[in-house]
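*Asks:* Sequence:
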Amino acid sequence: MNNSKDLEKMIPLNVHSDNKNLYLENLKKITKDTGKLFLFAGDQKIEHLNKDFYGKDISSQSADPEHLFKIANSGYVGCFATQLGLISKYGNDYKNINYVVKLNSKTDIVQTKQLEPMSSLLNTVQDIVDFKQSSALSIVGVGRSE
5 MNNSKDLEKM IPLNVHSDNK NLYLENLKKI TKDTGKLFLF AGDQKIEHLN
55 KDFYGKDISS QSADPEHLFK IANSGYVGCF ATQLGLISKY GNDYKNINYV
105 VKLNSKTDIV QTKQLEPMSS LLNTVQDIVD FKQSSALSIV GVGRSE
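Just so we're aligned, residue 5 is where the sequence shown starts under the numbering used here, counting upward by one.
Misleading hints may appear alongside valid ones.
[Claimed, not checked] Here are the simulated DSBU-like cross-link-like pairs (lysine-lysine), alpha carbons at most 30 Å apart as the crow flies:
id, residue 1, residue 2
1, 9, 36
2, 24, 9
3, 136, 110
4, 117, 136
5, 9, 93
6, 24, 136
7, 136, 74
Please keep in mind that the hints were generated in silico from the structure rather than gathered at the bench.
Required output: the full structure, derived from the provided sequences and hints.
*Replies:* Printed below as a string of C-alpha cells:
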C-alpha cells in the first residue's frame, strides 16, 4: 500500500479537514508508506516500576530507560510510545524517532485488592502540542489507555 490514495482512505471521518494533511503525513511516517504500523510500546517503566526490569536472567540494560530508545532507534519501528518525561529526557539524542506520547499510566504500587489502579493524566494534549513546537521532535500522536 504505497499509494497515497490508499492511505487517504485510512483517515477517520472525525479528523477535521484542517488536519487531514497532517494526519496523512504522520500516517506515512509511522507506517513507512505501507499502511501497516509497528508501534513500539515503552510505557512500562511507570506501569511496572522497576520490579520487572532487573533480576536473575534479566539483562542489566533492561533497567535503563534509555535502552528502549536505543531499540526504537535501531529497529524498523514506525513509532515509539512512551511518556513525555522520558521523551523530554532522551529525545534530544534520538531525534529521528517518531513519538506517540502516552497521556496516562497506572501502576500496581497499591495492590488491586486494596484499590483499583488509578490512571490519571500525566499531561494534557496542549502540553504535548507545546512540547512538539518547542522541541522540534517528531511527535505524531498521543495515546491513552484504560
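*Asks:* State for each hint whether it applies.
*Replies:* Here is what the structure says about each hint:
For the proposed pair residue 9 and residue 36, the alpha carbon gap of about 15 Å is at most 30 Å, so the pair holds. Proposed proximity of residue 24 and residue 9 is supported: the alpha carbons are some 13 Å apart, at most 30 Å. Note on residue 136 and residue 110: the hinted pairing holds, with a Cα-Cα distance of about 24 Å set against a maximum of 30 Å. For the hint pairing residue 117 with residue 136, the CA-to-CA distance comes to about 39 Å; that exceeds 30 Å, so the pair is violated.
About 37 Å separates the Cα atoms of residue 9 and residue 93, which puts this hinted pair outside 30 Å; it is violated. Restraint check: the Cα-Cα separation between residue 24 and residue 136 comes to about 18 Å, which is no more than 30 Å; the hinted pair holds. Note on residue 136 and residue 74: the hinted pairing holds, with a Cα-Cα distance of about 21 Å set against a maximum of 30 Å.
Hints 4 and 5 from the list above are not met by this structure, while the remaining hints are.
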